[in-house]
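For reference, the chains in residue letters:
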Amino acid sequence: MKVAYWPGCVSRGFTPELHGSMQAVAPLLDLELIEIDRGSCCGAGVIAEHNQELADTLNARTFALAAETPGELMMNICSTCQGAQSECQERLDASAEYRAEINTTLEAEGLAYEKGLVTNKNFLWLLVEEIGLENLTKKVKRPLTGLKVGPFYGCYIVRPTDRLGINDENPRDTYMEKVIEALGGEVIDYAGVHKCCGFPIITMNKKASLQMAGTHLADATDADADCLVVPCPLCHLNLDLQQPMAAGEIGRDLSMPVLHLPQLVGLALGLEPKELGLQRHVIKPTSVIDWTTAVVGSADGASSGW
Amino acid sequence: MPDYTLRLRRYDPESGEAPHYEDFQVELDGHRSVLEAILQVRGDQDGSIGVRCSCRAAICGSCGVRTNGKAGLACHTHLEDAAKRSKDGENVIVVEPMGNMPVIKDLIVDMEEVHWKKIRRVTPWLVAKEPVPEREYIVPHEAMVDITQTMACIQCGACVSDCLTMEMDPLFVGPAALAKAYRFVGDPRDAEQEQRLSDLAEDPHGMYDCTHCFQCIEACPKGVAPMSQIMRLRRRAGSDFHIDDRNNGHRHEMAFVKNIRKNGLLHEADLLPDSYGGKFHPRAVPELLSSLPVVLRALKTGKVTVKKALLHEHKASPEIKRIFDTVENREVRIEYNLYISGNEDDLADDPSDVGGEAPAATATVTETVVVEEQIVETETEAVVVEETVIEETVVEETPAPVAEAETDVDAPADSEPTEGDNQ
Ligand code: SF4
Ligand code: SF4
Ligand code: SF4
Ligand code: SF4
Ligand code: FES
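Protein chains in written order, with this note's numbering: chain A, 918 to 1223; chain B, 5 to 427.
No wet-lab data here; the hints were simulated from the structure.
Take these hints with a grain of salt, some might be off.
As the list claims (entries may be wrong) - Here are the computed lysine-lysine pairs in the DSS-like style, where the Cα-Cα straight-line distance is at most 25 angstroms:
{"no.": "1", "chain 1": "B", "residue 1": "LYS121", "chain 2": "A", "residue 2": "LYS1065"}
{"no.": "2", "chain 1": "B", "residue 1": "LYS91", "chain 2": "A", "residue 2": "LYS1095"}
{"no.": "3", "chain 1": "A", "residue 1": "LYS1124", "chain 2": "B", "residue 2": "LYS109"}
{"no.": "4", "chain 1": "A", "residue 1": "LYS919", "chain 2": "A", "residue 2": "LYS1065"}
As the list claims (entries may be wrong) - To give an idea of the chain A side of the interface with chain B (calculated C-beta under 10 angstroms), a few residues:
{"no.": "5", "residue": "GLY960"}
{"no.": "6", "residue": "THR1022"}
{"no.": "7", "residue": "VAL1045"}
{"no.": "8", "residue": "GLY1049"}
{"no.": "9", "residue": "ASN1052"}
{"no.": "10", "residue": "LEU1053"}
{"no.": "11", "residue": "THR1054"}
{"no.": "12", "residue": "THR1062"}
{"no.": "13", "residue": "THR1078"}
{"no.": "14", "residue": "PHE1116"}
Even glycine gets a Cβ: it sits at the ideal position worked out from N, Cα and C.
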């Protein structure tokens, strides 16, 4: 399937391994990524905090560009993009009059946003709702047998539930667990699964921010996780890049590898850790790489029971 | 009728026993409330269960509890909905006292110790504007519409219970109190809007301490959306009153906005120093030194290349700049508030009727404030780390007079610029 692909900024800036691993794993999922040209940052909630109309206009523009991009729907790889863009879309879809106002600004570029113009799904949602878990399991070459994975969603992709379309039909706040299982891994439940990594207040209240990251990492460690997996590069910054400082803040040693979702999928689909940029993490995913080398021989070719 | 297992967290400090969970079976329809179930158990099985309630109709705000991990009103939570969130098996409902507040007994928390103290912290009354009129103040209807969302609060404390910043920083003023603060900051009769804002902006545990986690929006049974009110406080403080708080809240916001205007996409390497007022702003130095290891770590792991950290690889298209200029130079800030204006689908009589020509909620703009904005930034010198020039000299001066105002699309026009806004 073809998707209008929105990588966001951080996946090409501070976490280039995310964009890279997404590109590596896409063909294995029969996904064709067609990057949305000329889009701008979604504002990560900060532009909306500054000026709502500005955030709504910039994202209406991105949606309009996405609609011009070939692809059945728009796909992002960042919880924060999903949340910030859904918030703007909710307002844009609510009122014809408001849309008209926004479109006046977009007119000069020949763009316009119509109600419900695009469906924007995070890679996580797309995996479950478009590709399908059964189908995903069929593609697994190296099941994550014995790998204990703790999901970490990021606030923007789980709240508010009504805006994000989380309901009985689409229990999107449980998809990470489902994907981990579909890949053959073991889900680790711990207190921080749906909590906040603290990234938005890192410059304003560093102590509380690092305490958040540190506490969740420590809880996952105590729950015996081998690694965490995140669908959000901003979460990754606070959980991985800042992990040494978070450890200092909570006063205990931490060494918890944090994987991007496409990296975890890629490993199960048979890609090598290096192709997925795992060496670029601050916390070396030793536990994960040891696991891959241990299972590579046994799983290779035999597809071990899957 | 389905059977529910009510797993209550019991704690009685006088008993000397540790907190523990106790199971009770109830047979009730799924659409009945968790409160009804608790009261039934208390009536039939164990009269010692501590729970607070009064109206049983989501009005008094006294029955806040956590059901299967989420805070809300016990009388407003259907058993079947609570059961859906169960992690402990089918039809199990774990009922616990609210979080972030000390437990008095079983499900009763000490609201005074946390919630009410914080509410009082924000001066929750109107400070009358002088001269006090002989009779009533005349205020435009739309000015009051703007604050109805915060007025809907019933002080149940559910948002306080689930606030993730408060979990780490108990001193955080918190969602309910900040929403209450906006109730007065947005009230044209109040004389102390600027003082209220600078107080909450300068407080290290004030409006900039919120981590955007949406927990309060999710928990609130009344649609107050405290986080949205906090963002409105920030807009008022930063854009209308230019309060340059020592928590770097406004600086961070402006650094981000400037960054996107310039690059189109976020350039993280610039963001951190700019958030502290430019690389060599006195307050930036200790922060930069403490965050230097982060940048070095990123360079070391090959996350970012030196080139990427220093050079701007992407430049925003002129279209992005044009959008920034158009929207930011408006005389009024336009805000579409779904709580007030709703979704036209819900408003339309005939659902098939919506789309292009839906009877849109009346939308006009209210001009409340005209202020001048001036951003002057001076960054000098260079820093050398491991022979790598991390920054070059940038001297930038952008005195841009901008007129701005807080606006609700739905508030009909012609309200008077209020005095407080013009300071
Ligand atoms: S959330 Fe982040 S990565 Fe996504 S577009 Fe916005 S700033 Fe860029
Ligand atoms: S968990 Fe962190 S980065 Fe992720 S959405 Fe919440 S605040 Fe953002
Ligand atoms: S959004 Fe802010 S105020 Fe609301 S719960 Fe989260 S941290 Fe607390
Ligand atoms: S804002 Fe909502 S959740 Fe918070 S105290 Fe008021 S009514 Fe309760
Ligand atoms: S008993 Fe009054 S709000 Fe629940």
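Each hint tested on the structure:
no.: 1; hint: B:LYS121 to A:LYS1065; in the structure: violated, 43 angstroms
no.: 2; hint: B:LYS91 to A:LYS1095; in the structure: holds, 15 angstroms
no.: 3; hint: A:LYS1124 to B:LYS109; in the structure: violated, 32 angstroms
no.: 4; hint: A:LYS919 to A:LYS1065; in the structure: violated, 32 angstroms
no.: 5; hint: GLY960; in the structure: holds, 7 angstroms
no.: 6; hint: THR1022; in the structure: holds, 5 angstroms
no.: 7; hint: VAL1045; in the structure: violated, 18 angstroms
no.: 8; hint: GLY1049; in the structure: violated, 23 angstroms
no.: 9; hint: ASN1052; in the structure: violated, 27 angstroms
no.: 10; hint: LEU1053; in the structure: violated, 24 angstroms
no.: 11; hint: THR1054; in the structure: violated, 24 angstroms
no.: 12; hint: THR1062; in the structure: violated, 24 angstroms
no.: 13; hint: THR1078; in the structure: holds, 7 angstroms
no.: 14; hint: PHE1116; in the structure: holds, 8 angstroms
The structure does not agree with the numbered hints 1, 3, 4, 7, 8, 9, 10, 11, 12 stated previously, though it agrees with the rest.
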